[in-house]
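A.B. asks: Just so you know, the sequences run in chain order A and B.
Quick note: the first sequence uses this note's numbering, first residue 341, plus one each step.
Quick note: the second sequence uses this note's numbering, first residue 341, plus one each step.
Please keep in mind that the hints were generated in silico from the structure rather than gathered at the bench.
Every value quoted in this text rests on a predicted model; they were computed, and no experiment measured them.
Fair warning: there could be bad hints in the mix.
Note that the list lumps identical chains together, so a pair holds whenever it fits in one copy or between two copies.
Unchecked claim - The calculated DSS-like cross-link candidates involving lysine-lysine, where the alpha carbons are at most 25 Å apart (straight line), are:
no., residue 1, residue 2
1, K517, K443
2, K571, K555
3, K444, K396
4, K668, K486
5, K580, K443
6, K444, K580
7, K345, K398
8, K486, K580
9, K551, K668
10, K444, K514
11, K443, K514
2 protein chains.
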Amino acid sequence: MDTKKVKAYGTEALGQDLKELDISRRAVLENDVEIEILYCGVCHSDMHHVHGDWGKEKYPLVPGHEIVGRVIGTGPGVTKLKIGDLAGVGCLVDSCRTCESCKKDLEQYCLNGSTVTYGGYDKHSGGHTFGGYSEKIVVDEQFVLKVPLNLDLAAVAPLLCAGITTWSPLRHWKVGKGSKVAVIGLGGLGHMAIKLAKGLGADVTLFSRSKSKEKDAFDLGADAVVMSTDKNQMDAVSSKFDLIIDTVPYIHDVNPYISTLSIDGTLVLVGYLGGLEPILNSVPLIMGRKSVAGSLIGGLAETQEMLDFCGEKNIVSEIEVIRMQDIKQAYDRMLKSDVKYRFVIDMASLKNQQ
Amino acid sequence: MDTKKVKAYGTEALGQDLKELDISRRAVLENDVEIEILYCGVCHSDMHHVHGDWGKEKYPLVPGHEIVGRVIGTGPGVTKLKIGDLAGVGCLVDSCRTCESCKKDLEQYCLNGSTVTYGGYDKHSGGHTFGGYSEKIVVDEQFVLKVPLNLDLAAVAPLLCAGITTWSPLRHWKVGKGSKVAVIGLGGLGHMAIKLAKGLGADVTLFSRSKSKEKDAFDLGADAVVMSTDKNQMDAVSSKFDLIIDTVPYIHDVNPYISTLSIDGTLVLVGYLGGLEPILNSVPLIMGRKSVAGSLIGGLAETQEMLDFCGEKNIVSEIEVIRMQDIKQAYDRMLKSDVKYRFVIDMASLKNQQ
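Looking at chain A on its own, in the form it has when it is part of the complex (with noise of 0.2 Å):
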């Protein structure tokens, strides 16, 4: 099939750097959208696949799925977006379209496998995706999404992200006006849900271990911090959240939080994957039909939902803008979370290093 020479920043094998290199994307079919890439987010997955952490990978890898520009081409079949539109794109390029899940809208549990932005299986070139740390993307326009114009739109890349899978569980498990939402985490993730349950009328808490978050948690709009590590705050918020979205991306005790759940309450997990230890207890759950649950990402009509609020809102991420030729330090000082909250890379870098 027609492809095209892209340029992109990536790396070949295991071990190795970031460095710029050039891909090859297919050229842009029926129901395509061609999408220069103004900027791109960094989510911590990007430096969990690049380190290798999550298994064999497929080279070269182009990392980033938090992805936002202007149209520069569609194809004939195109409807929703003509060129010079702002357009987005997050962790789903595709998806089997046909199955129980994708009918309900939740590409994200697509039952045959939906395609991931970089490293799926791309059906139309036989080959694997390439993500946003490139000069410009093709995606079918069902899995594009529209940018509000109002918004700063480096600032609107992690929504792709961070925003959805926060936003998912709080529709999901029906956050409005006077829900008590609690956060577990500060981080990409942890001020998404901040400002977006936020956004949806909640009474909202940070969860957090550290002291030094609790301006920033008051300035992102959360009600009250409590300190994880204070069996006295601990105690002071005894039944008392409907949802509580755990956004910690490492091992940690589920157990102390299940307390803090209301009758009916849950507690979602979005950031770890593993097992979780020290082991949770059966007792709290039956005692107060309290439940564990998991939450993905998104569908794509719920991220389209998702922005649009942003839009009525005015709700961004926080981001700190870096070139790409500075991926490494940032990757770096993500292992440290030395972030508020979410490096994006400004892709003219890119372009301007030619």
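Fit chain B to the given chain A structure using the hints.
C.D. replies: What follows is chain B alone, placed relative to chain A:
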């Protein structure tokens, strides 16, 4: 306050066998119903309390919370029942009635602590409550159920605990026609879960480790039986179930069952109080928005709903009627899972011993 001496079967200290003894019940108050107990089901928790498995007990300990009988007295404020009516009492005999849970008919989750049928604090007498292994019981009418007239009374008794414990999650998670429900374990709870889920129109599968349960499961109404020890059979039901009712009363690995939940599916623990070992893996929860939850008996309105439903659908428990004097042997057989599926004490045996 006025009390009345009532013959019962109980134990006066840890390690002692159950034996005949006298207890004092409060006299009938304004809103009380006095019931002559005809049958009392034998729940696993009776045995655990007698054996001291769950910590310090109050003595004398008189177990029994699956109580059916006939009304023999009513206070002047009683409107729901009259002398001669059949009546039932389950696991609760009181609650605060003013908290958020009580106001929502969720007395089992009373935020101020509901009063359990035996070993609870009786706010009228100031002492502790005594269960159904006795001639008579006095209970506030709000905690007394009406019993359908068309059912075998002895076989109704286990509905008051085993029935409602499985009914409540089936209703809370909205099981109905076409729902795909699985039940783990075929005992007192499991056999009721099959009957009630089937009654609600669900497609019902039993998970079992024992081929010998297969015929019984089909006889009880199951549509399928899956050997949980057989990987091929487990793989064949991958991602199938909307709801799994986990009735297993001992420590067990829930992870293989999580794989059989559909997107948005929930596994509800109703039988096992303790730590979930081996550790629960968050990955399948996140990848399918699945939940692990717990559920405790049910509220009074829901218990009445269940009894009425059982009356309509002719659903009762499968039972083996025993004499009060045979309770030790019954406990011994329960420890070996040698009962299909619930022992029920014919309380006439206590009277006739005089």
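A.B. asks: Go through the copies and call it for K444 and K580: within, between, both or neither, with a Cα cutoff of 25 Å.
C.D. replies: Between copies only: 17 Å across, 32 Å inside.
A.B. asks: Taking 25 Å as the upper bound on the Cα-Cα distance, should K551 and K668 be classified as within, between, both, or neither?
C.D. replies: neither (29 Å within a copy, 57 Å between copies)
A.B. asks: Checking K571 and K555: alpha-carbon separation at most 25 Å within a copy, between copies, both or neither?
C.D. replies: within (21 Å within a copy, 52 Å between copies)
A.B. asks: Can you give me the call for K345 and K398, within, between, both or neither, at a CA distance of at most 25 Å?
C.D. replies: within (18 Å within a copy, 79 Å between copies)
A.B. asks: Have a look at K668 and K486 and pick one of within, between, both or neither, based on CA distance no larger than 25 Å.
C.D. replies: neither (30 Å within a copy, 71 Å between copies)
A.B. asks: At most 25 Å between C-alpha atoms: does K444 with K396 qualify within a copy, between copies, both, or neither?
C.D. replies: Classified as neither; 31 Å inside a copy, 51 Å across copies.
A.B. asks: Measure nothing new, just compare the shortest in-copy and cross-copy C-alpha distances for K517 and K443 to 25 Å and report within, between, both or neither.
C.D. replies: between (29 Å within a copy, 21 Å between copies)
A.B. asks: State whether the alpha carbon distance between K580 and K443 is at most 25 Å within one copy, between copies, both, or neither.
C.D. replies: between (36 Å within a copy, 17 Å between copies)
A.B. asks: Could you place K486 and K580 in one of the four classes (within, between, both, neither) given a Cα distance threshold of 25 Å?
C.D. replies: neither (37 Å within a copy, 35 Å between copies)
A.B. asks: Is it within, between, both or neither when you check K444 against K514 at 25 Å Cα-Cα?
C.D. replies: both (17 Å within a copy, 18 Å between copies)
A.B. asks: When no copy is named, should K443 and K514 be tagged within, between, both, or neither for a Cα gap of at most 25 Å?
C.D. replies: both (21 Å within a copy, 21 Å between copies)
Hints 3, 4, 8 and 9 from the list above are not met by this structure, while the remaining hints are.
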